[in-house]
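J.: Each chain, letter by letter, is given below.
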Amino acid sequence: MKRKTVDNIEGYAFILIPVIIIAIFGLYPAINIFIMGFQKYNMLAGGTSTFVGLSNYRAIISDPSFWQTFRNTLLFTVWVVPIQSAIALIFAVLVNQKLRGVTFFRTVFFLPVVMSFVVISIVWKMIYDPNYGLANSVLTFLHIPPQQFLIDPNQAMPSVIVTCIWKSWAWYMVIFLSGLQDIPKELYESSYLDGASAFQRLLYITIPLLKRTTYFVLIMTMIDSFKIFTPVYIMTGGGPLGNTDTLVHYIWKTAFRLNEMGSASAMSICLFVLVFLLTILQIRTEKED
Amino acid sequence: MRGKIQWKVATYAVFLIAASVVLLPILWVLGNSLRITSEIGKYTDFNLRLFFPERITFEHYSVLFTEYPFAKYFLNTVFVAVIVTGLSLLLNSMAAFSFARINFFGKNVLFAALLITLIIPGEVMLLPSYLLIKNLGLMDNYLALILPALGGAFGIFYLRQSFLGIPKELEEAASIDGSDRLGIFFRIDLPLIRPHLVTLGLMTFMGQWDGFIWPLTVLTTPDKYLLQIGLNYLQGEHYSDWGAIFAGAMVCTLPIIIIFLFLQKYYIEGIASVGIKG
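Just so you know, the protein sequences line up as chains W and A, in that order. So the first sequence is numbered by this note's numbering: it starts at 1 and just counts up by one. So the second sequence is numbered by this note's numbering: it starts at 290 and just counts up by one.
Just so you know, the hints here were simulated from the structure itself, not pulled from any lab data. Glycine residues also receive a C-beta, built at the ideal position from the N, C-alpha and C atoms. Take these hints with a grain of salt, some might be off.
[Stated by the list, open to error] Derived SDA-like pairs: lysine to any residue, alpha-carbon spacing no greater than 20 angstroms straight-line: (1) A:K293 with W:L99; (2) A:K331 with A:L316; (3) A:K554 with W:D182; (4) W:K98 with A:K554; (5) W:K4 with A:D469; (6) W:K211 with W:Q282; (7) A:K331 with W:P130; (8) W:K4 with A:K457; (9) A:K554 with A:R483; (10) A:K423 with W:Q39; (11) A:K297 with W:V108; (12) W:K40 with A:N424; (13) W:K4 with A:N397; (14) A:K361 with A:G525; (15) W:K253 with A:T506; (16) W:K227 with A:I560; (17) A:K423 with W:F256; (18) W:K98 with W:A198; (19) A:K293 with W:Y188; (20) A:K554 with W:V108; (21) A:K297 with W:A198; (22) W:K98 with A:Q295; (23) W:K98 with W:V108.
[What the hints assert, rightly or not] Some chain W residues judged to face chain A by a derived CB distance under 10 angstroms, without partners named: (24) I20; (25) F91; (26) L111; (27) L134; (28) F276.
[What the hints assert, rightly or not] Coverage of chain W stretches by chain A, computed from C-beta distances (three or more under 8 angstroms per stretch; other residues unrestricted): (29) 30 to 39; (30) 92 to 100; (31) 115 to 127; (32) 138 to 146; (33) 223 to 232; (34) 252 to 265.
Generate the whole structure from the sequences, applying the supplied hints.
T.: What follows is the structure, given as structure tokens:
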């Protein structure tokens with residue numbers, strides 16, 4: 001047999017199963033979701049569907065719950081991204097020093113990242129319990145009056161935000177850390193010899209060379225924030241008064257509790273567009289160097 | 290020079306505060322999981338008693354396995370996670386090898402198609418995947434959890450990078466010695482990328498262990514639940530049994546923490562690779 005034929009046979013043999021799997025469970029649904037946005041589904045009668053054009057999208061636009069969910073998701077993102085990223089960056093700088101025990105601390109900080117979001121959501125739900133939870137124990141110790149947290153419509157979202165930051169900040173600290181460690185030490189050394197202060201080194205070396213990593217962290221955090229589901233589902237179910245309902249959770253409820261598959265699909269497309277735009281932005285900033 | 294010591298002290302102070310914020314919730318859960326039921330919730334003042342029980346009891350842990358089907362959840366999860374990790378590593382590494390080393394017809398087109406699957410987030414794929422599983426008659430079936438996970442564009446990309454790093458001379462030498470492609474794959478290339486296999490395997494295993502939204506959507510029989518769904522089900526149905534819930538949280542978490550402590554560097558490498566992918 002010719003070399004080329006052997007190559008083709010072997011090549012395809014090696015990739016066959018995973019590629020088929022990806023085609024069926026990856027590509028097909030990826031294409032199907034776009035079609036689904038234009039259909040209305042009768043899930044209770046065995047999943048028949050009818051083409052309804054843009055009516056799903058029109059329904060979403062006039063759905064106040066959808067807009068509330070959208071606002072909540074944006075709010076969540078606006079709070080999480082700067083706070084979490086700032087904490088991650090500060091700690092990356094601190095952890096980057098040669099100090100005794102730094103590895104120990106880094107390991108400790110990383111524990112919440114390793115724990116599953118389900119466990120963390122359940123644990124924090126109990127921490128936030130107004131009567132028996134750890135949160136109010138700490139607050140009363142600090143002479144601050146106890147709070148309602150997840151039960152209070154105004155405190156629920158901040159509570160969820162704190163939990164999410166608690167889980168993820170060390171992940172991004174590690175990303176910043178590897179970005180910091182990519183900066184050649186000679187740059188710091190020669191600037192030190194030139195008499196630059198620590199602050200000047202920070203301003204003229206660290207920050208510019210960290211730009212790419214910073215963009216990455218900011219955009220990834222934004223994308224992750226748009227996709228948040230588990231803590232909402234477990235800690236609040238979207239309440240109270242729909243104040244913590246986020247996009248993915250609302251999509252899930254619409255699809256599996258209200259059986260509105262078409263409407264939920266249309267919302268999924270909106271989510272996709274948002275994430276896609278952010279991904280394009282990410283690729284653009286990568287090219288900038 | 291004097292600023293340096295102040296800076297060091299400040300750094301350690303900040304570290305201690307952060308470590309407390311991280312550890313106190315975990316210790317609170319651990320302590321409570323070892324308390325007798327009547328003692329849970331008895332202490333709410335912030336002192337040592339809040340974290341250390343009067344007497345230690347393992348009753349909540351045994352309740353998990355006797356009254357609640359936690360053993361089943363645990364075994365179900367291990368079953369799915371091990372099968373998915375093992376099979377996906379094998380299949381994806383073969384595909385990655387092919388993309389890295391073999392020139393076959395349509396290779397670049399296929400590769401580009403794989404890229405597309407990475408752009409769409411899993412949450413967006415949730416609904417059409419659900420319909421697909423429903424139409425395939427695989428609802429409430431572990432195959433719905435296993436099959437889609439056997440092929441992953443991320444794994445293929447990641448391992449392809451690893452294979453590209455292997456010097457071709459090694460493969461050529463083996464070929465001259467009469468080894469066929471499969472032999473080269475198993476005896477030369479695969480052993481050489483073992484650290485990357487561990488990293489990918491770890492990421493895959495963790496993904497399965499932590500799986501929530503997809504199993505939640507696809508599994509309907511409580512007996513089939515995996516750990517995460519099981520724990521959530523537990524706290525939903527028996528919210529008042531804090532002891533069991535705390536114990537359940539520890540059972541879900543301790544294995545992972547232990548694995549993490551032993552395989553730390555693979556974890557970190559996993560994050561770095563996600564960074565490269567971005």
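J.: Decide, hint by hint, whether the structure agrees.
T.: Consistency of the hints with the structure:
no.	hint	result
1	A:K293 with W:L99	holds (12 angstroms)
2	A:K331 with A:L316	holds (17 angstroms)
3	A:K554 with W:D182	holds (17 angstroms)
4	W:K98 with A:K554	holds (18 angstroms)
5	W:K4 with A:D469	holds (15 angstroms)
6	W:K211 with W:Q282	holds (12 angstroms)
7	A:K331 with W:P130	holds (14 angstroms)
8	W:K4 with A:K457	holds (19 angstroms)
9	A:K554 with A:R483	holds (14 angstroms)
10	A:K423 with W:Q39	holds (17 angstroms)
11	A:K297 with W:V108	holds (19 angstroms)
12	W:K40 with A:N424	holds (17 angstroms)
13	W:K4 with A:N397	holds (16 angstroms)
14	A:K361 with A:G525	holds (18 angstroms)
15	W:K253 with A:T506	holds (11 angstroms)
16	W:K227 with A:I560	holds (19 angstroms)
17	A:K423 with W:F256	holds (13 angstroms)
18	W:K98 with W:A198	holds (16 angstroms)
19	A:K293 with W:Y188	holds (17 angstroms)
20	A:K554 with W:V108	holds (14 angstroms)
21	A:K297 with W:A198	holds (15 angstroms)
22	W:K98 with A:Q295	holds (15 angstroms)
23	W:K98 with W:V108	holds (17 angstroms)
24	I20	holds (7 angstroms)
25	F91	holds (7 angstroms)
26	L111	holds (6 angstroms)
27	L134	holds (5 angstroms)
28	F276	holds (7 angstroms)
29	30 to 39	holds (count 4)
30	92 to 100	holds (count 3)
31	115 to 127	holds (count 11)
32	138 to 146	holds (count 3)
33	223 to 232	holds (count 4)
34	252 to 265	holds (count 6)
Every hint from the earlier list agrees with this structure, and none is contradicted.
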